[in-house]
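Top to bottom, those sequences are chains A and B. Numbering that gives the first Met the number 0 applies: residue 0 is where the first sequence begins, and numbers increase by one. Numbering that gives the first Met the number 0 applies: residue 0 is where the second sequence begins, and numbers increase by one.
Simulated from the structure, these hints should not be mistaken for lab results. Built from N, CA and C at the ideal position, the CB exists for glycine as well. Do not rely on the hints blindly, as some may be mistaken.
Said to hold, decoys possible - Simulated restraints on C-beta separations:
no., chain 1, residue 1, chain 2, residue 2, range
1, A, Leu97, B, Asp12, 33 to 41 Å
2, A, His113, B, Asp12, 16 to 24 Å
3, A, Leu97, B, Pro104, 49 to 57 Å
4, A, Asp245, B, Arg66, 41 to 49 Å
5, A, Gly4, B, Gly79, 24 to 32 Å
6, A, Arg12, B, Arg66, 49 to 57 Å
7, A, Gln92, B, Pro70, 41 to 49 Å
8, A, Asp28, B, Ala11, 40 to 48 Å
9, B, Ala11, A, Gly76, 31 to 39 Å
10, A, Arg164, B, Ala11, 21 to 29 Å
As the list claims (entries may be wrong) - Negatives, chain A to chain B, calculated, CB over 12 Å:
no., residue
11, Gly63
12, Ala73
13, Arg84
14, Arg103
15, Asp115
16, Arg126
17, Lys128
18, Met141
19, Pro142
20, Gly182
21, Arg209
22, Thr228
23, Trp229
24, Leu244
Single-letter residue listing:
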Amino acid sequence: MAEDGTPPALETRGLTVRFGGRAVLDRIDIRIRRGETYVVMGPSGCGKTTLLKCLVRLLPPTEGSVLVDGRDVAGLGPEESDDLRRATGMVFQNGALLNSISLRENVALPMRAHLDMPPGVVEEAVRMKLAQVGLLEAADRMPAELSGGMRKRAGIARALALDPRLVFFDEPTSGLDPVTSDGMDNLVLELKAALGATMVVVTHDLPSARKIADRLVVLSRGRALAEGTWDEVQATTDPEVRGFLDRHAEPPVIGEGATPLVGAPGGMA
Amino acid sequence: MNTPTEILVPLADPLAGPGAAAAARALGEALRGAPPGAPLAIDLGAVLRVDTFGLAALGEAVRRCRREGRPVRVLRAPAGAGRLAAFLRLDRVLATEPPPAAPPPPLLERAGEAVLAFRDYMVTLLSMTAEGYRHAFVDPLRGGAVRAEQFVRQLAETGMGAVPIVVLINFMIGLILAFQMAYALRDYGATLYVARFVGITVTREIGPLIAAILVAGRSGSAMAAEIGTMVVTEEVDALEMMALRPRRFLFSPRFAALAVTVPALCIFADLAGILGGAFVGVLSYGIPAPTYYSETVNALRVTDIGSGLVKSFFFANIVAVIGCLHGIRLRGGPDAVGRAATTAVVESIIGVILFDALYTVLVYFVF
C-alpha cells in the first residue's frame, strides 16, 4: 500500500480479540493511508466497535498489533502515549460530553489541560470550534439541554479541540434524521478538506459510507470480507458482503455472531 | 498629519501551537502601547503554517480592536489561513459578541424567591405525605390495588438489611451513654440509676433517632438515586404512558415499607441500646444483672416505648417522602442523580431532627 515508502497512518497486523475464547475480531489486517477517510462497515455485532476500540487503544488486542505511523502502539511509553492521544480525536456515538459542565467548558477542557494559551485565545478557539459545528449560540447550555444531534456535533467540536491529525468517529449518523445525517457527512468531508486529517469512521449507514469513504472495509463475524473503494467493494460477489450491501436479512446471522458488549473481559460496555 | 500612524505587527512562523501563544502576547503588547485610534496592521508575510489557535489569537486581537473602535487589517495572509478561517467560520465568530454575564438579581428579590420556593416545597412535602397515607393505608382497606411484591421487596431492602448496623450502632451508643452517665452520677453514689437513665434515653430518644438516621442514609439516598435514574432513562415516562401513575407505583410501596420497617428497627435499636448499657453497668460498675434488669423494667413505662415508636413512624414518613420526591422531581442528566441522593439524605436528617425537636417540646408542655 505504501507506494511512496512512508508507513501508513494506521495499520493492524493479525489483530485478534477474543472474549471468553470466542473471536470477536479474527486476524484483521488493514492499512489506512495518511489523509484518507476510511470507513469500517458491517452489520450490528460484526466487531466494528471492538475494532475501533482497539485502534484508539481503549481495548488491548488478544493477539496481533496496531501500528500508528509504523510504530507499534503497544511499545509506547506513558509520555509518548499521551502525545499520541493528544494528536487523536475520538467522536463518541452519543457525544460522551461531561454532563456536569457547559458545552463551552467541555470544548475548553482539553485546551486548558494541554495547551499553554492565554485565556482570551482559548475563548476565541472554543467559539470557532462551536461555530464550525453550528453550536455557537448554544455555548452556555448544559449537555442535558441539547438534542441528540446537537450532542453528537458537540462531541465533534470537543474531539477536534486540539487540531488532531487522526480522528475517529463511532456511528456519526446513527439516530439522526436523513437531513441531519447528510449534514454530518458534509461536515466530515469539510474536515477532511480543511484539516487533512486521517479519519476512521465506523458506521452501518450505507449512503453515508458511499458519500464520505475514500476506502472502506466490510466486516462480518469478526472477519474483514472486502476492502477497497466503494466501487471495488460493490463489485464483490461474496454472498455475505452482498447480503449486507443489498440489505437482505439473513436469519442465521442473528445471535451467533453477535458481539458480547456486556460482561465481556476488558471493560467493554 | 491628522491620522495617527499605523502600527505594524509582523508575526513569526509558525502561527500554530506555542507560536500562537507567542503571537497572542505580541499582539496584546502592541495594543497596550498603541495610541487610541491608531490603526493596527497584522503582517502574516512570514507565516507558512496556521492552526486553530493561531487564528484564535488573530481573532482575539481583531475583536479587541473593534471594541476600541480601532481600524485593523491583516496583510499577506497565506492561502491556508483563509481556508482554515472559512472552515472555522471566523467571520461569524467575530460578528457575534459573547453575551454579557447576566447581573445577579437584587438580594431582596432572591430572598423573596427563596421563601416562595420553600413554601411550595413544604406544600409539596405535605401533600405527598397525605398521598402516601391514602395510598398505603386507606386504599388497601377499600380493596384498592396493592403492589404487594414491591412492598415486600422494599421491606426486605430497607428493613432486614439495616438490622445489623442498627443493632451495632445502638449497642455502642448504649455503652457510651452508660459510661458518661455513670461518670456524672458517681460522685452521688448513684451509679445504679444508670439503668433507668439509659433505658429512658434510649427508648424515648436515641433508638428512634438513630434508626431513622441510619435508614435515611441507607434507604433515603437509595430511593432518590433509584427513582432519579428511572427519570433519566425515561422509565418514569414509560410508567406514565402505561397509565401506571409513577407516583403511586414507585412512591407508595416505599412509603408503606418504611412506615413498617423504621418502627421495627426502632425496637431492635431499643433492645440493643439497653443491652449496651447493661454491658457497662454489669461489667464495669458491678451492678448485678437481675438488678439492672428490674431497674430498667421498673423505670420504663409503656408510654416511653410507645412515644419512641410513634416518633419513628413519623420519621419514616419524612425519609420516604423526601427521598422519593428528590428522585421524582429530578431534572437533567445522570450527574443530577448523585446530587439528588445527597440532598435527600441531608434534608431527611434535618427533617427528622426538626420534627423530633418539635415533637419533644410539644409532648413536654402538652402532656
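Going through the hints against the structure:
For the hinted restraint 33 to 41 Å between A/Leu97 and B/Asp12, the CB-CB distance of approximately 35 Å keeps it satisfied. The hinted range of 16 to 24 Å is satisfied by A/His113 and B/Asp12, whose Cβ atoms lie roughly 22 Å apart. In this structure the hint that A/Leu97 and B/Pro104 lie 49 to 57 Å apart at CB is violated, the actual value being about 28 Å. Distance hint check: the CB atoms of A/Asp245 and B/Arg66 are about 59 Å apart, inconsistent with the given range 41 to 49 Å.
Taken as a hint, the range 24 to 32 Å holds for the pair A/Gly4 and B/Gly79, whose Cβ atoms sit roughly 26 Å apart. Between A/Arg12 and B/Arg66, the C-beta spacing of about 56 Å keeps the proposed range 49 to 57 Å intact. Distance hint check: the CB atoms of A/Gln92 and B/Pro70 are about 47 Å apart, consistent with the given range 41 to 49 Å. Under the hint 40 to 48 Å, the C-beta atoms of A/Asp28 and B/Ala11, about 44 Å apart, fit the expected range.
For the hinted restraint 31 to 39 Å between B/Ala11 and A/Gly76, the CB-CB distance of approximately 32 Å keeps it satisfied. About 23 Å separates the C-beta atoms of A/Arg164 and B/Ala11, a value consistent with the hinted range of 21 to 29 Å. The claim that A/Gly63 lies off the interface holds: its Cβ sits roughly 34 Å from the closest Cβ of chain B, which is beyond the 12 Å cut-off. Non-interface status of A/Ala73 relative to chain B is upheld: no Cβ of that chain comes within 12 Å, the nearest being about 28 Å off.
The beta carbon of A/Arg84 sits about 16 Å from the closest Cβ of chain B, which is more than 12 Å, so the claim that it is off the interface holds. Against chain B, the non-interface label of A/Arg103 is violated: not every CB pair exceeds 12 Å, the least being about 9 Å. For A/Asp115, the non-interface assignment is contradicted: its Cβ lies about 6 Å from the closest Cβ of chain B, within the 12 Å cut-off. The claim that A/Arg126 lies off the interface is violated: its Cβ sits roughly 5 Å from the closest Cβ of chain B, which falls inside the 12 Å cut-off.
Annotated as non-interface, A/Lys128 brings its C-beta within 12 Å of a C-beta of chain B; the closest such distance is 7 Å. Listed as a non-interface residue, A/Met141 fails to keep its Cβ farther than 12 Å from every Cβ of chain B; the least gap is roughly 7 Å. Not every CB of chain B is more than 12 Å from the CB of A/Pro142 (nearest about 6 Å), against its label as outside the interface. At roughly 14 Å from the closest C-beta of chain B, the C-beta of A/Gly182 stays outside 12 Å, upholding its exclusion from the interface.
Non-interface status of A/Arg209 relative to chain B is upheld: no Cβ of that chain comes within 12 Å, the nearest being about 23 Å off. Look at A/Thr228: its CB is around 26 Å from the nearest CB on chain B, clear of 12 Å, so calling it non-interface holds up. For A/Trp229, the non-interface assignment is confirmed: its Cβ lies about 25 Å from the closest Cβ of chain B, beyond the 12 Å cut-off. Taking the minimum C-beta to C-beta distance to chain B, about 33 Å, the non-interface status of A/Leu244 holds against the 12 Å cut.
Checked against the numbered hints given earlier, the structure breaks hints 3, 4, 14, 15, 16, 17, 18, 19 and satisfies all the rest.
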